Every structure is written in C-alpha cells, then in structure tokens.
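Protein chains in written order, with the working numbering: chain A, 1 to 264; chain B, 1 to 351; chain C, 1 to 257.
Where hints are given, some of them may not hold.
[To be verified] Simulated coverage check for chain C against chain A, where a stretch passes if three residues somewhere in it have a Cβ under 8 Å from a Cβ of chain A:
| no. | segment |
| --- | --- |
| 1 | 133–145 |
| 2 | 165–178 |
| 3 | 182–188 |
[What the hints assert, rightly or not] Quick list of simulated restraints, FRET-style, between CB atoms:
| no. | chain 1 | residue 1 | chain 2 | residue 2 | range |
| --- | --- | --- | --- | --- | --- |
| 4 | A | V99 | B | R60 | 54 to 64 Å |
| 5 | C | S130 | A | F18 | 45 to 55 Å |
| 6 | B | S159 | A | Q6 | 37 to 47 Å |
[Said to hold, decoys possible] Chain B residues, not near chain A, derived (Cβ > 10 Å throughout):
| no. | residue |
| --- | --- |
| 7 | R60 |
| 8 | H90 |
| 9 | R108 |
| 10 | H119 |
| 11 | D124 |
| 12 | E224 |
| 13 | E238 |
| 14 | D281 |
| 15 | E296 |
| 16 | V330 |
| 17 | D344 |
Calculated from the structure, these hints are not laboratory results.
Predicted model only: the values in this text are computed from it and were never measured.
Glycine is no exception: its CB is placed at the ideal position from the N, C-alpha and C atoms.
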Amino acid sequence: MPSRNQWWILLPALFGVFFLLPLLGLVWFGLTDGDVASELRSSNTWDALRLSVLTATMTLMLAIVLGTPLAYLLAASEAGWARLTATLLDLPLVLPPVVSGIALLTVFGRRGYLGDPLADAGIGLSFTTAAVVIAQLFVAAPYYVRAAYAGFAAMDPRFEGVAYTLGLSRWRTFRTVTLPLVWPALAGGAVLCWARALGELGATLLFAGSLPGRTQTMPLAILSAFESSAGLAGAVSIAVILVAFALVLMLLLHRATTPSGAYR
Amino acid sequence: MTLRAGFSGHAGDFAYDVAIEAENELLVLYGHSGAGKTITLRTIAGLARPDAGTIEIGGRMVFDHASGIDEPPQRRRAGYVVQEVALFPHLTVERNVLIGVEDSGDARARWGQLRDALHLDGFDARRPHELSGGQQQRVALARALVRPVEVLLLDEPFSALDDALRADLRAELKRLQRDFGIPIVFVTHDLREAHLLADSVAVMDQGRVMQLGARDEVFQHPTERRVAELTGVRNLFEGHATGGRVIVDGLELALPANGVDGPVDLGIRSERCILRRFDPDDSPPGNCFVGRLVEELAFGNTHTLRFEPDGVGLRVEVEVAARPYEVLGVAGRDRWVIELPPEDLLVMPRK
Amino acid sequence: MNAAFRGLRSLLFVVAAAAVLASACGEGDGSVRVFAASSLQDVLPKLLGAYAETDEGARFEVQYGGSQSLATQIELGADADLFLSANAAQIERLEVEDHIEWQISFVSNCLVIAVDEDSSIATIDGLGASGVRIALGASDVPVGALTDLALAMLDPSLAEAIRANVVTEDPNVRVVLSRLELGEVEAVFVYSTDVAVLEDVRAIEVGGVEPNVYVGGVTSEGGDAAASLLAFLAGHEAVPIWEAAGFEPLNVAVGAR
Chain A
1 MPSRNQWWIL
11 LPALFGVFFL
21 LPLLGLVWFG
31 LTDGDVASEL
41 RSSNTWDALR
51 LSVLTATMTL
61 MLAIVLGTPL
71 AYLLAASEAG
81 WARLTATLLD
91 LPLVLPPVVS
101 GIALLTVFGR
111 RGYLGDPLAD
121 AGIGLSFTTA
131 AVVIAQLFVA
141 APYYVRAAYA
151 GFAAMDPRFE
161 GVAYTLGLSR
171 WRTFRTVTLP
181 LVWPALAGGA
191 VLCWARALGE
201 LGATLLFAGS
211 LPGRTQTMPL
221 AILSAFESSA
231 GLAGAVSIAV
241 ILVAFALVLM
251 LLLHRATTPS
261 GAYR
Chain B
1 MTLRAGFSGH
11 AGDFAYDVAI
21 EAENELLVLY
31 GHSGAGKTIT
41 LRTIAGLARP
51 DAGTIEIGGR
61 MVFDHASGID
71 EPPQRRRAGY
81 VVQEVALFPH
91 LTVERNVLIG
101 VEDSGDARAR
111 WGQLRDALHL
121 DGFDARRPHE
131 LSGGQQQRVA
141 LARALVRPVE
151 VLLLDEPFSA
161 LDDALRADLR
171 AELKRLQRDF
181 GIPIVFVTHD
191 LREAHLLADS
201 VAVMDQGRVM
211 QLGARDEVFQ
221 HPTERRVAEL
231 TGVRNLFEGH
241 ATGGRVIVDG
251 LELALPANGV
261 DGPVDLGIRS
271 ERCILRRFDP
281 DDSPPGNCFV
291 GRLVEELAFG
301 NTHTLRFEPD
311 GVGLRVEVEV
321 AARPYEVLGV
331 AGRDRWVIEL
341 PPEDLLVMPR
351 K
Chain C
1 MNAAFRGLRS
11 LLFVVAAAAV
21 LASACGEGDG
31 SVRVFAASSL
41 QDVLPKLLGA
51 YAETDEGARF
61 EVQYGGSQSL
71 ATQIELGADA
81 DLFLSANAAQ
91 IERLEVEDHI
101 EWQISFVSNC
111 LVIAVDEDSS
121 IATIDGLGAS
131 GVRIALGASD
141 VPVGALTDLA
151 LAMLDPSLAE
161 AIRANVVTED
171 PNVRVVLSRL
181 ELGEVEAVFV
191 YSTDVAVLED
201 VRAIEVGGVE
211 PNVYVGGVTS
221 EGGDAAASLL
231 AFLAGHEAVP
241 IWEAAGFEPL
251 NVAVGAR
C-alpha cells in the first residue's frame, strides 16, 4: 500500500478515473434511457456485431502474417530505407480515417490506379466485406507493426547469432528463440490492432460503404442509429452492446497473449 | 585440428585485416577494446562477412571470397561463447544445451560427460536466471561443446566473474582443450589472463594482428614497439644501435648479441630491472646508472617504483616483489643504482 | 541528446496545453449560432454574405450535419440560435418539446437521381439493369426516407431490381454524393441542389414524391438576430441566391407563433 507521503499517486488515479467514468456513464445511460433489450433482439445488431468481430479478427490475422516479417526486416536492417519505411508506416495513424478511406479509393477504387486491372481480373473490391477488412488493415495494422518493430529492435541480436552457431536454421531460430523473447511486444500490438480495427468508422464508410449484413459494422450501425429516429438512445444502446462484447473479447485476448512464467 | 584464417573487411568505419592460425592449442587473441578482436571471432563464426580472404576450419574451407564459398554459421562447426553469455532465458539448462543437437543418444552421452567435467549436476531443470554467473558460463561452454565442433571461439567469457571463479574456469578450459583436442581462440584484454592461458598469442591493434607466435616468444621477443607496449613493457626508448651498443639519452648500453644495427626501439620490462643500493665508492657494472626515487605504488605483493636519472641515465619504472623490497630497504633511501641487463633488453628495429 | 529530448518534451507539453486551452475558449459572443442541414453547405455562406451586407457587425457560427443528429444535439442542450432543417419532422419534434420559438418553411428541394453526364441511363427504369451500382441514404435520414417513398411508388419488380443494385445506405447525403464523385457508383439518389453544385453530372427526375421542404426554426435561446436572419432567408432578397443553387423558394409566410 502506498504510504501517506506518496500523494502523487493521486495523479494517475485521477487519470484512471477520467477513463473509467465516461464508460460507466455510457453504460448507465444506455441501460436507463436506451433500450438495450430491444437492440439485443434486433437481428440488425447481431449482424453488425458478427461482421465487426469477423472483419476485425481477419484484419488482425493479416496484420500478423504480413506485418511480422516486415517488422523483423525493418528491425534487422540498419540501412536508411528502413527508417524511412518505418516512418511511412506510421502515417495512417496521423490521417483522419475518412482521408484514409479516400486514399484507398485512389488506388483500389473503380477509378483508382488499380481499378482497371482489378476489374479485368474480375475483382471488384469496393462495397464488399473484403473492402471492410482492407480499410481496417490500413488504419489498424500500423499499431501492430510498430509494436512488433519495437520488440524486435529491443532484442539483443547476439541471441540469434549464438543460435545460428549452434546449428539452428533461421526459421527455427525465429520460432524457438526470437519469438518467445519478443512475444510480449507482439501481443500488446495485436490487442491494439484488433481494438482499433473494431472501432474503425471513417475509412470503412468511405471505402466499403454501409449496407446491413455486408458492410455495416458496429460503429456504422451506431452512427446510423444516431442519425435515425432512434436517435441518441438507440445509438447508445447499440454502443453498450459493443462495449460489453469488446470488453469480454479483449480480456480473453489479453489472457491468451500474456506470457506465463517469469523470464528476463 | 587446425584453424587458418586470413581476411580483411570493414564494419562501418572500422577496417580490419587479420591473419591467424592455431593448431591443437589455446590461442589468445589479445588487445585493447576496439582492436577488432570481437569482429575477428564473429567473422570466423560466420556472423560477419569480410570483403576478402579465406577461412579454413579443421581442414575444411568455410569461406573463400575468390571462389564464392561462404558457409553459413550453422555449418561451420565453430562453437561460440560470447560475453554476457546469451543463454536463452526462456529455456531450461537442459533445453539450452541440447537445442542445437538431435536428441540422440550420442548427444546425451556427450552432455553427460560435459556435465561431469563442468560440475553441472542437478541443474538440468533450472532456468538461467536461477544460476550464478559462473554456472551460466559453464552451461554456455557445455552448450558450445556438446556439438562436434572443430574450433571453439570464446569472447571474454570470464570478464564479469570474480578472480577465484576465473581461476577455476581457466583450469577447466585448459583441461577441455586437451581432452577435445581442438583449437580454442580466447579473446581477452587482460594481460595476466592472456599470459596464463595462452599456448600462442596474437596481439591485435587497430584491426591488425601485430604479432602471432608462441606465448614466450611474443612476450620475450616483441617484433615492434607497439607489441611491447601492448604486452606490458613499461620502459621504452629510442636509439641507434652500432656494433652491439647503443646510446640513449647519453647513457651507453650494451645490447644482447643478436647483431641488430641501425635505428631501434629499446625496451625492458619493469620486473627485469635490477635494483642495487647506491654506494658512492662502488663502481657499478655496465648498463647501470644512478636514479632518484620519485614515485612509489604499493600493490601489496609487488611495488612499482619510478625513477628519474641522477646525472646521466633514463627514466625507468622498476617492479620489485614484497620481500626484496623489504630486504633492500627501499623505503627511506632515495638514490639507487639501476641495472638494465643486456640479455633482458628488447631490441626492436624501428621503421 | 538528453537535453534535446527534454527540451522537446517540454515543447510538446506546452503545445498540447495551448491546444486544449484554445479549444476551450472557442466560443465567440454575439454571433448567431446556426445549425444547418448538410445540403445547405454550399449556398448558406453566399446567403450569409449577402445578409452581412445589410447588417454590418453580424457574425455567424454555422455547424452542418444531418438534420436528425442536429436536432438530437439541440434536444440535448447544444447551443443553437437557429436551426435550418431539411425535414419538417425534425422541427416538429423540437417544437413539441418547446425548443422552437418561431418557424417558417423557406425553400424546397426535390429528390433526383444523379448520374454522370455521359451515362447511358436516361430514366429511373435504367436503374434496374444489372451491373448498375446505386448509393442512397439510409432509411432514417431525410434523403433516404424520401427515396424509400419514391421507390414505393414504383412498379414492385422495378423497385426490387433497384434495391438489389443498392451497394450502400449512407448516413448522410454528402457521403451519398461522394460515391458518384469518386466514380464508385453509377447513380445516386440526392437532391436537385446537390446536382447543381457538381460539374459533368446530370439529373433525372423522380416522380411520385413531394419536394422536400426546408423549415427553419428560431430556438428558445435564439434572439432577434436569429429571427432577423431567418426572415431574410425566407424573404425575397434571398430568392436569386436560392434559385441559382437549385432550390425553390417558397415565400410562404406561415407558422409564426
């Protein structure tokens, strides 16, 4: 227990309260003024929730599969291009999501640079569920890559060197030596990435549109409700459901990714 | 089993050009920090690529720039133990040791032998953070040797340990070298440790091997001034040798009979100088001069004495052991006769 | 290196603090705070400019948005003096709760289908063809509600074909329009006024629905300045500006409290 003299502990406590109170307020508002029960019964809500969880999870899978090697290469390279690329990858974090959506359209949209080639190949991307994943990937993957890059960069490269001299192939070294050592950083990044993908609104709206069942994720459902006659109460009711699910899933994700046992 | 390597390269701004050779012996790679010792080991191990040259381990060419041979570290059969150990912290001792080998009967038998030799019984299930520094080093050694390696590369493995522990580990290392019969390249910047362990010494400075040879040869017959400096010769002078004699600062000295003439660097180790009581009536033998004691450093088991010449002579540093120091009665007398025996003078041609 | 890092941290702290303070002091006094439907975004600044010529010293702060969400914000106590809604229902809703002092309908706007100038689509029937991608407003947004009505007026099989071609139901009309601008869809259901703003775009009439009437309301917080502005917007001085933008002025003096 902090002693009396550690008054400064008040500051982080207040900060924590700053985050906690609005969430509690939201839940209270939703349960009293809103009609969470009817929203729970609405198939629209479940469609949106299922779509959100599905797309966010797919986004996370892609971010891990594509982003881990990228982060590893960036961390291993000392060349200038690595620094530049790492900085460029941070740009989606700065862009307002709507701008990210427009950026994606300039490439993948029907009039985009890849529009004609894709159309010829029979691939139409806009307004599909795949487009939702692409938009989420663009805005959320940088969170994962950043965390992974930091993790790999912080690892002592001598571990890998020693592993090679012991006869371990590069892949085996990565699996049995590197990954366990950087696992906490990767896990943290994964949680952030998934959460960000789940909450994404602007980029998916612009790039993928909003159609119930196909592209209307939870955030879009909440926005729709807000703009509708259900208004604020309707929006908050759905939001409460989203918060509840997100909380449970994040706790599970956290559990699954926290390293067990103490090793330095 | 031999190691033969001659290569040159650069790491950033640092250029290196190294040639070393070791048979079934312990070769100490000695030099100050930044001399290029670590990069040399890493290059032999395959973790750094030089710009040119060849590396041959156990009669097998593992690197040859000209013909494009470049075996990856996995296949060089070089055991490598780094400073700060780098045991994998998330694995037990047993997994650490066996990670690189097939889980075969042979490997386990070898691990059993090493476990006994290095006194690591009962540690199999422990994690590295549960072990002391010395135990971690021994595990690292075992791990490097459990595979059939043809050379062992050690990069200042004992630098973080206390003296008693280092002494034990050095003894074990020498024993292992004899038992396994492979060359060991041992990097250190500690002169005493270098002398203790070495069968051969390679003195490195600024990316180059200045001298390579048997330990006594290098310590007693340095080929140039810098090697003498690096190997602890504290008294160094310049002069011009003619017919077996040289004049330095007005003092004439007889040189050992090896016939070197011309401009030379001259040196003598502190512990080889002879100190005699000053007696104005005595006529001292050759290679002597009178000096005044100006500084004294008491190390306990030895004393380092610094002298300025009284009249014609040289500024020298003399090292005297505790007993002779007492017997001579150094404390309390300030004028001494210092003799520089010709056979102890190191004569190095100056370029 | 350390000193530079510390300096940078202090600088960031100062900048952040200044930003927070600056945003907190954002409100000016004496300006008329207007909440306006998004579809008025292009024409309102011109109107305000014209009004300012008659009344120097008048200042305005305008916030645009979907009529639904603006009404909700007013309901929750947002500071607004004048509400220009694209939908009478929103004004009614607020009037029931005593938020509106005085209201008047001032212009109307009709629903059209916008397509590219060189599009092969000529009538609403063309929207049922396969491969035609359509964007509309979501049903609970004014433009979307109007679109639903229009489609309900059609032959059921045509309406079904059109519905099948809908790829997105957007939360406000600006987003709907952007789909056509970006070339992502072939046709959008928007207002005639939106078509007036764009180049290379053609409007197709939609029958069977009443024009969309814009109603303005002075809120219970609004004062004379707000009322004066609303009167201007509904008056004959504003007519040329409205017509140039594609709206139809109503010049109806009705709904005074």
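Results of checking the hints against the structure:
no.	hint	result
1	133–145	holds (count 6)
2	165–178	holds (count 9)
3	182–188	holds (count 3)
4	A/V99 / B/R60: 54 to 64 Å	holds, 59 Å
5	C/S130 / A/F18: 45 to 55 Å	holds, 54 Å
6	B/S159 / A/Q6: 37 to 47 Å	holds, 40 Å
7	R60	holds, 16 Å
8	H90	violated, 4 Å
9	R108	holds, 16 Å
10	H119	holds, 22 Å
11	D124	holds, 17 Å
12	E224	holds, 34 Å
13	E238	holds, 43 Å
14	D281	holds, 66 Å
15	E296	holds, 44 Å
16	V330	holds, 49 Å
17	D344	holds, 43 Å
This entry does not satisfy hint 8, going by the numbered hints stated previously; all others are met.
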